[in-house]
Every structure is written in C-alpha cells, then in structure tokens.
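Chains as they are written, first to last, in the numbering used here: chain A, 1 to 254; chain B, 255 to 503; chain C, 504 to 759.
Don't read these hints as lab results, they were simulated from the structure.
Keep in mind that this is a model prediction, so the values were computed, not measured.
Be aware that one or more of the hints could be misleading.
As the list claims (entries may be wrong) - Beta-carbon label-pair distances, calculated as ranges:
| no. | chain 1 | residue 1 | chain 2 | residue 2 | range |
| --- | --- | --- | --- | --- | --- |
| 1 | C | Val528 | A | Tyr246 | 41 to 47 Å |
| 2 | B | Ala474 | C | Ser653 | 30 to 36 Å |
| 3 | B | Ser366 | A | Glu241 | 31 to 37 Å |
| 4 | A | Asp39 | C | Leu578 | 45 to 51 Å |
Unchecked claim - Listed next, the stretches of chain C that the computed footprint assigns to chain B, with coverage defined by at least 3 CB atoms under 8 Å from CB atoms of chain B:
| no. | segment |
| --- | --- |
| 5 | 522 to 534 |
| 6 | 555 to 564 |
| 7 | 723 to 734 |
We put the beta carbon where it would ideally sit given N, CA and C, even for glycine.
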Amino acid sequence: MRKIFVTASVLALVAGAALADPLRVGIAAEPYPPFAAPDSAGQWVGWEVDIIHAVCAAAAVDCEITPTAWDGIIPALVSGRIDVIMASMTITEDRLQTIDFSDPYYNTPVVVVAQKDMGMSATPEGLAGRVLGVQVSTIFQDYAQHYFEGQTEIRTYQTQDEANQDLASGRIDATLADSLAMDPFLASDAGGCCVSLGPVAMDEAILGRGIGAGVRKGDTATLEAINRGIAAILANGTYEEITSRYFATSIYGG
Amino acid sequence: MLDGLFQAWPGLEASAALLSLSPPGWGANLLRGAANSLIIALGAFGLGCAIGTAGALGKLGGGPVTRDLLAVYTTVVRAVPELILILLLYYAGTDLLNQALGALGYRPVEISGLAAGIGVLGVVQGAYATEVLRGAIQAVPRGQIEAARAYGMNAVQVFRRVTVPAMLPLALPGLSNLWLIATKDTALLAIVGFSELTLETRQAASSTRAYFTFFLAAGALYLIMTLVSARVFGWIEARYRRGHAGARA
Amino acid sequence: MRALLQPHRLVLIGLALALAVWAAVALRWDWIPRYAALGAEGLWRTTWLLVLSTGIGFALAVPLGLAQAAGPRVLALPARWFCTLIRGTPLLLQIWLIYYGLGSLFPQYPWIRHSDLWPILRQAWPYALLALSLSYAGYEGEVMRGAFRSVPHGQLEAARAYGFSRLAVFRRIWLPQALARVLPTLGGETVLQLKSTPLVATITVIEIYAVASRVRQDTFIIYEPLILLALVYLVFAGLIVLAFRRLERRFARGLG
Chain A
1 MRKIFVTASV
11 LALVAGAALA
21 DPLRVGIAAE
31 PYPPFAAPDS
41 AGQWVGWEVD
51 IIHAVCAAAA
61 VDCEITPTAW
71 DGIIPALVSG
81 RIDVIMASMT
91 ITEDRLQTID
101 FSDPYYNTPV
111 VVVAQKDMGM
121 SATPEGLAGR
131 VLGVQVSTIF
141 QDYAQHYFEG
151 QTEIRTYQTQ
161 DEANQDLASG
171 RIDATLADSL
181 AMDPFLASDA
191 GGCCVSLGPV
201 AMDEAILGRG
211 IGAGVRKGDT
221 ATLEAINRGI
231 AAILANGTYE
241 EITSRYFATS
251 IYGG
Chain B
255 MLDGLFQAWP
265 GLEASAALLS
275 LSPPGWGANL
285 LRGAANSLII
295 ALGAFGLGCA
305 IGTAGALGKL
315 GGGPVTRDLL
325 AVYTTVVRAV
335 PELILILLLY
345 YAGTDLLNQA
355 LGALGYRPVE
365 ISGLAAGIGV
375 LGVVQGAYAT
385 EVLRGAIQAV
395 PRGQIEAARA
405 YGMNAVQVFR
415 RVTVPAMLPL
425 ALPGLSNLWL
435 IATKDTALLA
445 IVGFSELTLE
455 TRQAASSTRA
465 YFTFFLAAGA
475 LYLIMTLVSA
485 RVFGWIEARY
495 RRGHAGARA
Chain C
504 MRALLQPHRL
514 VLIGLALALA
524 VWAAVALRWD
534 WIPRYAALGA
544 EGLWRTTWLL
554 VLSTGIGFAL
564 AVPLGLAQAA
574 GPRVLALPAR
584 WFCTLIRGTP
594 LLLQIWLIYY
604 GLGSLFPQYP
614 WIRHSDLWPI
624 LRQAWPYALL
634 ALSLSYAGYE
644 GEVMRGAFRS
654 VPHGQLEAAR
664 AYGFSRLAVF
674 RRIWLPQALA
684 RVLPTLGGET
694 VLQLKSTPLV
704 ATITVIEIYA
714 VASRVRQDTF
724 IIYEPLILLA
734 LVYLVFAGLI
744 VLAFRRLERR
754 FARGLG
C-alpha cells in the first residue's frame, strides 16, 4: 500500500519525462538580442535560436529549447536539468574545469560602450574613477574585475539589457559587452546617448576563445553530436545563410 | 470615447498598443504569465495546506522527536529568505531526489520547472501553514472533541466531523494571508527563470523599453488577483462563521 | 536549560553537531578567507538597510494607521489605497518599478544629470531604501490600524474627560498602548523585512545575498555559499527575535 503511495507521489512529481528524451538545450531566460529574445507571441527568436535548430537538424537529434536563468545555467547543466548550454557562453579555462565545450561557433570582439564626450577610453586609465556596468557570470565581469577593479566602480546586473538601461539613464558611465549584442542598442533611440570605444586589450585566458556549446563533463555522446552538427552547418552553407539574416558580415571569427 | 482620452494623453495609445492581446502586443504574454502564476500559487497553497495539516497534527499529537524536528523545519523556513530556499531546494532538491532514485536503481527523473516551483513554494508555505493550523486546531473547544470521543467516534472521524469544521473559521484569516503570500512569492520564481508574470513583464519591458507601462500593467494584474482573492475569502469566511458565537472582528 | 537536557534532545543535538562537523570537513570552504571582507561589507549593508527601512517605514506607518483608525475619510481612503496597493503587489515588482521605471525617465529630463542630487540618484541604494521603506510602511500601516483600534476606547474618553488635549491623549495614552500591543507582531514583521532584503540584489545593491551570488559565480560552487548564507540569516533572525522579546518585556508589562 505504502509502495503504491510512494510510487504514485514520485510519478506525480514527474511531468513530461519522456522515454525517448529530447535534448534540452538551455538558453538564457533573459533576452539577448539579436541572438535570442522572446517575441510578443512568447516564441524565442534570434540568430542563436536558428543555429540551435540547424545544428540539431544536422546532427539528427530532437532538441527542446529550455530557457534557464543565466546566473544558474551552469548549475542547471551540472545537475541534469538541461543537457546542453547554447547561450552565447564563451569558452574559458575557468568554465572548462566544470563543464566541457564543443567547437566554437562564433567569436566577436569585446568592446566598451560609453557615454559620449566624456573622455573615456577602453583602458584601465581611461575608465578610472568611472562607473562600469557588466552582466553577472560573464567573461565581461571577469575581465572588469581583473583589470578595472580598484580604480573603477563595477556594478553587476542580471541582464545586459538592465545594464544598457542604466547606461541610457546615465547611472553608469560605460559597459563592457559583446560588440554584436551592443549594436542593436547603439542603433536604438536609447543608444543615442552612447558610442562604442572599441575593443579592450585582449586576454585570451579571461576573454576565452570563442563561443561554444557547454555539455556536462564526460557526456561525449552529446558533445560529438553537437560538434557534428556545427561542422555540418558550416560546410553546407546553412551557417552563412542564417548569419546573413541577422548580420552584415560573418561572425565565425575563425 | 477612447479617442478623446488618447488625444488628451499622448503616449497612452502607444501603451495600449503594447498591451494589446494579439501580437505585436504583449498583452497575451502577460496574461499567460499571470495564468502560470495562478497555477503555481494554487499548487503551492494546496501543497502548503497538506504539509501544514500534517505538521500541525504532528506538533500537537506527535512524539517529542517529531515535535522537535517540526520545530526546526518551521523555524528554518520562517527565518531564511524565500529566495535562498528557492535556490537551495530548486538545485539541491532535484539533485538529491535524482541521487536517491539512482541509488534505488531508478532512472533520474526530469522535474519540470512547474513542479519544482510548486514543490519549493509549497514547502515554504507548509511551514507557515503549520503554525496557522496548529493555532486553529488548539482553539477548538476541548469539550466538543471529548463529547465526540464519548460518542464512540474514532480519531479520524473526530478529525473529519468535529475538528475541521470548527477550526476552519479560525484558520481562514491566516490561510487567506498565506494565499496572498503565495501569489506574491511566485514573483521570486522569476529569478530562477520560470516564466510567470514578473518574468514575462521584465522580458516585455526589455524588448520594448516601455518599463513603466509593463510594470504598471503587471502591478494591476497582481492587484486584481489580490482583491478578487480577498473578496472570495471574505465570502468563504462569512459562510463558515454562520452560527459561531463571539466571532465578530 | 533543563529542556535541552532531555534524552531525545541530547540525541538530536548530537546528530546536529555530527552533521555540522561532517559539513565542515567534507564541503568546500576554502573560498571564505578570500571573500571575508566583501562578506563583511555585504552584512553591514544588509544591516543598515534593514534598520533604516524599518525605521522610516514605521515612522510612515503610524500616520497611515492613525488616518485609517480615526481620521476623516479624505485621509483614511488614500491611506487605505496605499496599504492595499503595497500589500497587493509583489515587492520585487515594486523594487523594479521604482529603480528601472524612474531610471527610464532620466533621459527625458537632462537637467537631472546636472543637479546636485545626481550623485545620489545614480546609485542604487536610495531606490532600494525607498522601496523597502514603502513596503514596510504599507504592511505596518495595516497593523497599526488594528493596534490603534484595539486600545480600549474608554481610556481615551476618560482622558478627554480629564481635559487632556487631543495631542496629549495621543502622545501619552493612545500611541504608547498601541505600540505595546503591537510589539509581538512587529517582531515578526521585522523578520519578514529581513527576508525581503535579498531582493535588492537584483538592482545592483551589494548586500549579503549578492556577495553569496558573487562567490557562486566566481567559483562555480553551488551549495556551500547558500548554506552559509542561510546560517547567517538564521542568526540574524534570532537576534531580531531576542531583541523584540526584550523590548516586549520592558514595554508590554501589565497590558490589559
């Protein structure tokens, strides 16, 4: 009697556990245009979403897009809540100690976007005494804490968009982010306040070597499937076709 | 009529367009988020009441060890912020469950975000519900229970026929408070990325930059939920207080 | 003390100590020295946010409660609407509305950036303090309404009969008794306010929860920072409860 009760209550907790499990691909629940953002119908659209579908189709696996809070996305992968992370996550040594990465699928420079006409530059001296905003759990936060902490006040935000919002309202003087993600902001009305100061000094240990898909350590089956998919779409032109829909030039970065 | 209003207040028309129910308006997203919030709140409240009943009975009639463990449970949950409990239970809870299942030889189960949210908030609600229900059960006049026992009813019958109807009016104010807390705590699930009303609002506000519009709309939706709930609970309380002496506010 | 020495309690305490010892050796705590200074700063910020927001909130709650209990409708209704609004919407939404909503207005009024208030307006803690204070005021306004109503009316009438002015009645009879009756509830509400403080981490205020988040992000350790954080809050809540018990013993003696 009790066994039935226990089994029934365990089953009651399980919703949607299918036998032929689709691969749960974690993207950030916070909008990150033009890579992944929800539209007004609640569907996720963007370059990265299209790439995820293309990679899964090329690797012949069933994928299920699973929005997950960005600052808990690695714990979600490690604890098995999701199977892959494809959320514009940079491949860095620190992260490689906890998870494995696939081959990179894009790479773009990291830039400082700052208020116009305030004499700042993308260097520690140029930002001394200023307020810099970055998104938590990103290479940008790592870089800022490594190079700018002490001379510059660093504020961390849950999403890049909140940092942009504070940049537009003037609460922060600059932000450090991916140049492609900042382009839509600079082109918008709110972005009229600001200008890109160009890339920061490169540090591959912190800024990593491109964006890759994260998988659990030792999950070689998934890793190989993702790599197969990435190689396939690069070879057969799907990658270029998707990129041309969102960007003017290739973002693979080589 | 609306046209006059739109002319008098520029920007209102743009806001109304943003909130419209069909795309490109975000109104449907917000309503979907509100529905999700209500479902989680209902599930959490129900689970909380179930845990609370068991906890109250345990605290009143259980052995010393049970009482102490329940005291630890209620103290910890009432002292530690819900946000931290949600994070701990969300990751640790599913982790431990899967490890336990693995040790027993079963495959790890995937617990959907909805189930995890309901589970976590239900555990938090359960601690408060334990205290509310314990106070209410203790306030049932002992004479009624003794009379029921004298008539030969067993414990379950006494509970079902005497204790529960008598303690409901006493528990209702506390329970209605808990329900309101449940509806508002669902907003915390936005921080773990579960798509309920607050997260949908933030996503809509980010995409359209109309922060005030969407936050005010979400506030209005929450307020409607709260006011309707208060009215419903008031009606339930009035119905259950019929024939109760000395229950005036 | 005798309550603690009962056999089953001793066993439970022994088990708890064993669990603590296991946790101390088996889990990772090497990050503590590195982040101790930041943790102290976060703890300080949590403390002053809690103290100031409860202080300001309570100062607002007394007039709100009084207006609802005894005021004319023109004062009582807005007070009631304010309390309903605050209690009917989630605190997280209120915090984001105040911080990002007001922030979105700044670009439209460029003179704000050049005003003297700008160094304060561009930081996050004023908004956090404002949101937390308003929230406390909304909930305590309701509590104070009940407290003011619960003071026996006969005492107030007797004081008026003795010729006390309205202000003297309030200051010497109504307010002290209402406060004494409300102390137990206030203790619980202050603990609830403590539990609300982590939400301001979402608007870049570095309080103790934000420090724990930073440790988790820097080191990828999932549980240990959260466990230590839970312990800190437990201790903090315990201190608040003890403080209010002492206040109750001192001020709520002989309450009819």
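Each hint tested on the structure:
no., hint, result
1, Val528/C <-> Tyr246/A: 41 to 47 Å, "52 Å, violated"
2, Ala474/B <-> Ser653/C: 30 to 36 Å, "33 Å, holds"
3, Ser366/B <-> Glu241/A: 31 to 37 Å, "34 Å, holds"
4, Asp39/A <-> Leu578/C: 45 to 51 Å, "47 Å, holds"
5, 522 to 534, "violated (count 0)"
6, 555 to 564, "violated (count 0)"
7, 723 to 734, "holds (count 6)"
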